[in-house]
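2 protein chains.
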Amino acid sequence: MSRRRKHWGWGHEDEQPSAGELREAAAGLAAHLGFGSADVEAPAPVALDPPRVELPASLRGVATQDDHARAVHAHGSSYGDVVRAFRGRFPHAPDAVALPGSEDELLRVLAWCADARLAVTPYGGGTSVVGGVDPVRGSLEGAVSVDLSRLDRVLEVDGVSRAALIEAGAAGPRLEEQLSERGLTLRFFPQSFELSTLGGWIATRAAGHFATGPTHIDDLVESVRAVTVGGDVWESRRLPGSGAGPSPDRMLLGSEGTLAVVTRAWVRVRPRPRERRSASVTFPSFAAGCDAVREIVQSGLAPANCRLVSAREAALTFAGDADLLVLGFEDAGVAGFDAAVSCCEAYGGQVSEGGGGGSAAWRDAFLRAPYLRDTFVAMGVLSETFETAVTWDRLPGLVESVSGAVEEALGRAGSVTCRLTHAYPDGAAPYFTVLAPAERGEEEAQWGPIKADAGDAVLAAGGTITHHHAVGRDHRRWYDAQRPEPFAAAWRAAKATLDPDGLLNPGVLWGEA
Amino acid sequence: MSRRRKHWGWGHEDEQPSAGELREAAAGLAAHLGFGSADVEAPAPVALDPPRVELPASLRGVATQDDHARAVHAHGSSYGDVVRAFRGRFPHAPDAVALPGSEDELLRVLAWCADARLAVTPYGGGTSVVGGVDPVRGSLEGAVSVDLSRLDRVLEVDGVSRAALIEAGAAGPRLEEQLSERGLTLRFFPQSFELSTLGGWIATRAAGHFATGPTHIDDLVESVRAVTVGGDVWESRRLPGSGAGPSPDRMLLGSEGTLAVVTRAWVRVRPRPRERRSASVTFPSFAAGCDAVREIVQSGLAPANCRLVSAREAALTFAGDADLLVLGFEDAGVAGFDAAVSCCEAYGGQVSEGGGGGSAAWRDAFLRAPYLRDTFVAMGVLSETFETAVTWDRLPGLVESVSGAVEEALGRAGSVTCRLTHAYPDGAAPYFTVLAPAERGEEEAQWGPIKADAGDAVLAAGGTITHHHAVGRDHRRWYDAQRPEPFAAAWRAAKATLDPDGLLNPGVLWGEA
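Chains A and B supply the protein sequences, listed in that same order.
Letter 402 of the first sequence, counting from 1, is numbered 406 in this note's numbering, and no numbers are missing.
Letter 260 of the second sequence, counting from 1, is numbered 264 in this note's numbering, and no numbers are missing.
If you're looking for bench data, these hints aren't it; they were derived computationally from the structure.
You can trust all of the hints, since none of them are fake.
Every beta carbon over 10 Å from chain A, so not counted as near; a handful from chain B, in silico:
| # | residue |
| --- | --- |
| 1 | 93 |
| 2 | 319 |
| 3 | 375 |
| 4 | 416 |
| 5 | 450 |
Here are the simulated distance ranges between beta carbons:
| # | chain 1 | residue 1 | chain 2 | residue 2 | range |
| --- | --- | --- | --- | --- | --- |
| 6 | A | 516 | B | 160 | 36 to 42 Å |
| 7 | B | 322 | A | 349 | 47 to 53 Å |
| 8 | B | 160 | A | 289 | 27 to 33 Å |
By construction, the Cβ of each residue, glycine as well, lies at the ideal position given by its N, Cα and C atoms.
Hey, can you work out the whole structure from these sequences and the hints?
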């Protein structure tokens, strides 16, 4: 880590606003929202309990027990994580942070953890918003955060098959920078792109740039290499497709660091897009926009971008005051642009071609959001998001009942808004944003019951507890209810075989949450 | 089963050629191939050992021990299966054939098998070409073939989300007939379409009609319901996408009846295509055709049909004497037709628009092939196919080395030909057809070493032992070598939990092959 990450919130220490800038931003935001305060708080200092275990001399160059590193690796990036760290609370600071620079060093770290009975928390960019990277030790002697960020190289590119072998710790910009030297791109741009890593995307079945087609990283993975805590290598063949038994890759995709530590993967890449056509479309209602999106994807059109933002959410992000569809096609997909525009018009859409206007404003807000939230925390604004996916027949009911449940939990203050981030022929992924006046100092206690009601409403309405934010510890209650019990039994047996001492991420997907 | 299936080979008893027709066909084929004989043999009579177990009175209406049913369910549809049954050899005739008409009846059958320690062989259409449906009992007391064909209804259609809930035993025509009443189609047309079933497709990760995009049934499955031998229900939520842990469906997809018996699934359907554009393209070489196909799929074009047939294979199937690409676009994909034609022309392709000519002849041959093989067996022609998938960079080498290995194993007689059946951005699925003079009466001994050399060559060249024919028992040796060992260990643990007595399909994917 050449630049120091902030020990709380998003980004690096060298890109923080000054106190004056922060106050000014807070005043503007408070005026816009109607709540929050220009009286911004400063983060509490870091004070951690000393490590519970001693680092072996042989690992001194591979791991650290430095307080800043321990604080950075003590949490992910959920609202609760940001608030806790802001207030100086680090309930799961790791006893050490390992930064292996090779698979061999990783194996030495894992061997130490096995010997000393330490929990192993694989860590990519620390962007989990579901409690997936907190070094919880469970019943073990301690916990080690295993940060893969030094494994960040593109090792090999197969230009003929358009695939690249990339190390798991490569974050979005680093990965794209190396691919771009070959004129290639993964084109996988989750909101966490700046910090999140290939290994993290695989472990959590992240969803990226494409609103249709290959939206989940699952679709871009050609083969995966991982190591178990016992030091065994799990490596699948590079194959474009196969029908040989259940897919080994699909067992690792979504395993959230509980079965093995992903070290590298072959992924499908493509040339940078040469042609694009985009439009902003405003609709008379969110429902009309949903119908248009449904018709677009069911017609077999494949927009790269197809995000429908509700009028209330557009207003909050300065993107106008109507229900807005951000629509973009790339390369071969461009042939479908006119047909998609016709779909929109059939549902009353007002089409404005080009990337400007509402679309550009919305995109800027999208990428700025993780930074903005730190300001929100300092100025007393509760700010969190959650997402799901649901079939089209159940979508209107889900949006209504989930929004209603959150509004009721919020009381009179604050708002919940919705957008569709991804669209499938048989359904879509609604994404909810909650903004409300925070109960300063009591933020965790305030958010907990709201999140609980939201999760209950999502499941009751036929959705999944997560479309692309993973399960971690925060979603366990609903995940346990959602997954088929025989599958859970099979998975637990697999887990017990690969990790008999239960070292990998206790509480994530399995065990006491 | 209202129509009686043949006890050997393909199709039903009421569609068999007369002896005269068969002789005439054999004479023509022998002249075309340069081997085989008009002196056709007749199938041996069926003589089975008596069942090893007695059917409980309570299951008399659900299961049968009739010799014809036992012979039909004793095997799948590989060349070895056809030859063995033709010669009156039924080494794995089941002790009973169950035909449950409901999930409840299925559970009663499974309970009997568990009580009496009988192997359970889930059976869809009996079209396995890899020894996947032989009722092998292993170390158990007997074996029961569990034929799902009475569970053949479309139970529910969600026209908004374009999804349908279909019972596992529905074969292609029955499933399409019910969907077509709603103007919908699954558009999943494997060569076995006439007899194979939805449950079989899911269990084996079958590949169907689409040469690009959603080629495997995996991509069309929204949720799966299955029952374990212990009677537990494994049912996933209907979801268009999810990031909640590893996919439960993907653990059943490809499980080949070893973890649970699939009873129904929600699948993604679509309206019948309204627009089509197709072409036959001849290329100066197979390599030039491969390059064109690669460029088409890497450009993001999505032909529904994109099968490249080598010149030798085209000649054998009366589809001309050049390397032939059968290219077809449907609905939204049609927008890419001209660009695909340009790709072909850039590699020397001679394009003839329309479905006639070589394309039509090839398609007819494709659908007739399973029937034709029965004639081949009777006339002393060895006829078998196998397939793989491989990344583009390795494709030319694989086709060369696999073809070479088979040619060497064949000696001077016979031929091996190749086509590409499915194409991905990062690779393709080559499909090989072997035709040779059979050593009559010794066919199994003749084919075994050829298949072994082919499998070894496929793996050595970087392919998978199967793209869409599954593993069964015949591919075990290569599958065991191919899958990552930690995955195998995890899978075995899952298997032991769901099926502790090892009743489900012993030898398939696990256990003694």
